[in-house]
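Residue-level listing of the chains:
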Amino acid sequence: MRTLCLFLLLFLVASPLYAGEAKPNSENPIIEARMLGLSKDLRCVVCQNESLAGSQAPLAADLRQEIRNMMEAGMSDHQIVEFFVERYGDFVLYNPPLKPITYMLWFGPAILFVLGFIAVFLTLRKRRATAAVSLSSEDHHRATELLDDGERK
Amino acid sequence: MKLKHFLPLGIFAGLVVFLAIGLTLDPRKLPSTKIDKPAPDFRLTQLLDESKTLSPSDLKGQVYLLNVWASWCVACRQEHPLLMELAKSGTIPIYGLNYKDVPQPEDPFDHPKRLNAERFLTLLGNPYTASAYDEDGRVAIDYGVYGAPETFLIDKEGIIRHKHIGPLTGDALVNEILPLAKKLEG
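First to last, the protein sequences are chains A and B.
Just so we're aligned, residue 1 is where the first sequence starts under the numbering used here, counting upward by one.
Just so we're aligned, residue 1001 is where the second sequence starts under the numbering used here, counting upward by one.
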C-alpha cells in the first residue's frame, strides 16, 4: 500500500512537467478555427511529411502562434500564406501554385493516365486481332485430342 | 529480337536513373528564398551585453557571416571548432544569432535566461564578434530558419548572398563560402 502511495505521489511530482505543454491558444475561437484550417494546408518545414497543424515540432508551435498573431492583426489568409512562401518557398504549400516549374506535378499524372490508357487500348486491340484467327477443323481435332489425353492421366 | 522488346528495359533504365538522382538529393535542404534578397532587419540586444544592441543596419559596409546557433543545438557544437578557427584567422567577421536559447520552461533552479548560451561560449570559446539574442525565435522566422545551425553570407549592401544549412564543413567553407566572400569583398 505504501509503495502504491509513493508510486502515485511520483505522478504528482511529474505534473508540473506537463504545464509546459499547454499551448497559448487564441482566446478567440473563430481565429483558432481559422488558424487550424489554414495550417492544415501548410507543411511543417521541420518534419516535412506533417502539416503545420499536426506537427509537434517547436518551430511549428511558434509558427502557429505567428499565424494567430497575424490573424488577430487582421491579415487575410492570402497574406499569411504569402508570409510563409516568402520565407520557406512554395514547398510549404500542400496545394502548390500552377506555374511552369510545377506543370509536371499538376499534369504528370493525367499524362501518365492517358499514356497508360493508350497502351492498354493498343494491347487489347492487338489481342483481339490474334484471337480472331480461326482454327481449322484439323487443329480443332488435335486440340481436343490433347485435352482428352491430359484428362485421362 | 525486335527493338520493341527492349522497351520495358529502356523504361526500367530511365526509372533507375530518376530514382538514383532522387536518392542523392537531400529533401531536408530547402532551396532558400532569401538568396539575393536583403537580410531582414532587426534590432536585438547582444547576448553578452544587454545594454548594447545588434542590427544588420549597423553592419552595412562589411561582408560578414551570420550564424544561427543555440547552446542546445548539437550540430552547433559540431561546427564550433571550425568557427573558432575561422575567427582566429580573421578572414571574415562572424556574427551570431542566438536562437531560442532559454532554460527549460519549468526550470527548477530559476537560471538566468542567457546562462546556457553564456556558458557555451565560456566553455568552448567565442568565435562571434557579437551575438544577437533572439529569445523567442521571431527574427529567425524572418530569415526562414527551420533548424539551427544555419549560416548566411551577407554582403556590404546587406544582401544575403549564400545560405548554408546544417553544420558548416571545411569543404563548404573553403570551396563555396570563402571564395564567394572574397569576391564580394571586391
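I should point out that these hints are in silico values taken from the structure, not numbers from a laboratory.
A few of these clues could be false.
[Said to hold, decoys possible] Footprint (simulated), chain B over chain A, 3 or more residues, beta carbon under 8 angstroms:
| hint | segment |
| --- | --- |
| 1 | 28-39 |
| 2 | 96-105 |
| 3 | 137-148 |
[As the list claims (entries may be wrong)] Calculated Cβ distances over 10 angstroms to all of chain B for the following chain A residues:
| hint | residue |
| --- | --- |
| 4 | Thr3 |
| 5 | Glu72 |
| 6 | Gly74 |
| 7 | Phe113 |
| 8 | Gly116 |
| 9 | Val120 |
| 10 | Thr123 |
| 11 | Ser134 |
The model shown is predicted, which means the values in this text are computed figures rather than measured ones.
Even for Gly, the Cβ is constructed at its ideal location relative to N, Cα and C.
Structure-based check of all given hints:
| no. | hint | result |
| --- | --- | --- |
| 1 | 28-39 | violated (count 0) |
| 2 | 96-105 | violated (count 0) |
| 3 | 137-148 | violated (count 0) |
| 4 | Thr3 | holds (26 angstroms) |
| 5 | Glu72 | holds (15 angstroms) |
| 6 | Gly74 | holds (19 angstroms) |
| 7 | Phe113 | holds (16 angstroms) |
| 8 | Gly116 | holds (12 angstroms) |
| 9 | Val120 | holds (15 angstroms) |
| 10 | Thr123 | holds (12 angstroms) |
| 11 | Ser134 | holds (26 angstroms) |
In summary, the structure is inconsistent with hints 1, 2 and 3 from the numbered list given earlier, while agreeing with the others.
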